[in-house]
Amino acid sequence: MSEIITLAHGSGGKLTHQLIQGIFQKHFRNDWLLEGGDSAVLETLPGQMAFTTDSYVIHPLFFRGGNIGKLAVCGTVNDLAVCGAIPKYMSCGWIIEEGFPLEELEEIAESMAATAREAGVFIVTGDTKIVPRGCADKLFLNTSGVGFIPEGLRLSPALIRPGDQVIVTGTIGDHGTAILIEREQLQVETGLASDCAPLNGMLERVTASLGGAVRLMRDPTRGGVATTLNEFTEGQDFGIRLEENALPVKGEVSGLCGMLGMDPLYIANEGKALLIVDGTQADRVIELLRSHPNGQDAAIIGEVVADHPGKVYMRTLAGGHRIIDMLVGDQLPRIC
Amino acid sequence: MISELEQFRNETLAEGLVKAIRRYDGRPVSIMEVCGTHTMAISRYGIRELLPPNVRLISGPGCPVCVTPSFYLKSALELCRRENTIVATFGDMMRIPYKGASLLTEKALGRDIRMVYSPLDSLDIARQHPDKTVIFLSVGFETTVPVTAIAVLEAAQQGLDNFMILSANKTIPAAMHLLSSDPEVAVDGFLYPGHVSAVIGSGLYEELAKAYGIPGAVTGFDPADILGSILYVLEQIQDNKATVANLYSMVVQPGGNPIARGKIDEVFEASDAVWRGLGQIPGSGLRLREKYRSFDAWSLINGSVEERDEEARGCRCGDILKGKCLPSDCKLFGKACTPETPVGSCMVSSEGTCAAYYRYQ
Chain W
1 MSEIITLAHG SGGKLTHQLI QGIFQKHFRN DWLLEGGDSA VLETLPGQMA
51 FTTDSYVIHP LFFRGGNIGK LAVCGTVNDL AVCGAIPKYM SCGWIIEEGF
101 PLEELEEIAE SMAATAREAG VFIVTGDTKI VPRGCADKLF LNTSGVGFIP
151 EGLRLSPALI RPGDQVIVTG TIGDHGTAIL IEREQLQVET GLASDCAPLN
201 GMLERVTASL GGAVRLMRDP TRGGVATTLN EFTEGQDFGI RLEENALPVK
251 GEVSGLCGML GMDPLYIANE GKALLIVDGT QADRVIELLR SHPNGQDAAI
301 IGEVVADHPG KVYMRTLAGG HRIIDMLVGD QLPRIC
Chain B
1 MISELEQFRN ETLAEGLVKA IRRYDGRPVS IMEVCGTHTM AISRYGIREL
51 LPPNVRLISG PGCPVCVTPS FYLKSALELC RRENTIVATF GDMMRIPYKG
101 ASLLTEKALG RDIRMVYSPL DSLDIARQHP DKTVIFLSVG FETTVPVTAI
151 AVLEAAQQGL DNFMILSANK TIPAAMHLLS SDPEVAVDGF LYPGHVSAVI
201 GSGLYEELAK AYGIPGAVTG FDPADILGSI LYVLEQIQDN KATVANLYSM
251 VVQPGGNPIA RGKIDEVFEA SDAVWRGLGQ IPGSGLRLRE KYRSFDAWSL
301 INGSVEERDE EARGCRCGDI LKGKCLPSDC KLFGKACTPE TPVGSCMVSS
351 EGTCAAYYRY Q
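Chains as they are written, first to last, in full-length UniProt numbering: chain W, 1 to 336; chain B, 1 to 361.
Heads up, some of the hints might be wrong.
[Said to hold, decoys possible] Example chain B residues on the side facing chain W (calculated, C-beta under 7 Å, incomplete): (1) A20; (2) E49; (3) R359.
It is worth saying that the hints were derived from the structure and are not from the lab.
The structure displayed is predicted, hence computed values, not measured ones.
All C-beta atoms, glycine included, are put in the ideal place defined by N, C-alpha and C.
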């Protein structure tokens, strides 16, 4: 096998076969994939089925705390997990620019396989396309996933009522800030890494024992915590009040955001979930989350309120209040 | 969002300061925060609502993007459309609209526009692309100009002849004199910028206080810093005094930073400058000295863009920058002019007065 991807790897011939066998089947190995059919033939899942898809075009492909492959598995697993679903099967479509190093492709596949194992999902089908140089930025991934929602579990904005508590499962803004540092090659010394992680194990711990207390869950990826909470309240007859002093933010994240004029509330996360839970059960939910390695910094950050319907606002450190609006475009670093 | 100890200190301190400020029972006063970062912090921490009704905060001209006139953007757009040209700019210049276009839309159309974090980054781009002209959009006050000066000095030293800057750099003192002496601008006190003052020093403000009888305080950006400076100004007003406190003395010295000022002086000389909304202010701009004129990207414009500031109809950015009205007094605010579709540049930069009011009102 040559050391870089060429258009011949996408021709459907011998090189394609070698690529699939040598990398994808080797790492993703499972009965459904090895059957090699045009479709994976799967057992029917019990209860309601959840189905999701997402595409990944991140730059850089490798970052502290992960790479595009790990991100793609986590993203899909998390989209299922926050719906209360137990993720089972995934697909993965690869769009690769010719010239891409095979070694990097293998590293990405390897970490996808490891993350899938951690999350307990199987990558059962896939597709590979090679595009001429300049037609893609190195590598794009598309993943879809299915899972099933255990009987009796129901999550819905309609269940939310004033007095419910807002919980975040850990520090916010880690992923977006880590990516920013690497993408822009900022000269900062930091141990900061992406929080990219599958959330299903941790969230199942909560829904399995306190499912009735959970109203809604969502992973605050692009647009960050602020945008996700706005999606919760939009058009609803309740609002959300955040407490600034309760927001878990790493010192490096708040320091760098301060320097660049950005707000951690709007920065992407890849290993965090927001939960709205029954106020009387919030402390127990926090206990369960903190008993999982990915939920050590879980915190109650706010409350559902009857005033300010449709809005998210925050009680600030100074004791004042401010509206937390949705993000407009990307956050851009400021001049001074 | 800070360590527990700091949080405790700040919260109890802020609470005490708010109580003290609320005890102010003198005449109604307007205090201007000169700096955009202060405007943002005031909105961000909800400070305005903590003040009694007889204390009003108004926002001054301290956001470099907000005071950049429209012809500058027109020129930047013209330059980015040139062959073999790379335009390097700070992020918040990307979205400023000019007649339906912006650097962001030009980038989407394929122009080579790079977002940088320092003027020195654009110097690196010039080194990596010797076959292209790299133009850095140099917009900012005394905080950013020293690094731009260093970039020009380095380019000169290394004989880098494909690097240029389009300077709309401005200095704060002349604008402060104008604001203090304008009878229409009824300012009773100033919150002076922490970052700019680190370079120019706090001495200038003593002169202003003496000449115009307006007290002020140089301050940092934490809620307690800002509340402390408001309290100081109120105490001065109540005692009929007009002195200046330096509440940011860890960073700001009376004489400023002589090295940074030296770099500015070495590369730039004072010139007249057009401020968006404020008009032309003599001696408030910075242009490259004769010795460094070969780095001046204005030479590429060559008079093809008229140096005139065109405000959109109905836009009151000028009055807002002078503190004559609030963003909410502008008919366009929140309707035709929002962060998604900004009309005036006060709505574009995250630190613009209108953007700060809109986001955190």
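Status of each hint after checking the structure:
Taking 7 Å as the C-beta cut-off, the interface hint given for B/A20 is violated, the closest approach to chain W being about 13 Å. Hint on B/E49 holds. Least Cβ distance to chain W is approximately 5 Å, under the 7 Å limit. This hint holds: B/R359 has a C-beta 5 Å from the nearest C-beta of chain W, less than the 7 Å allowed.
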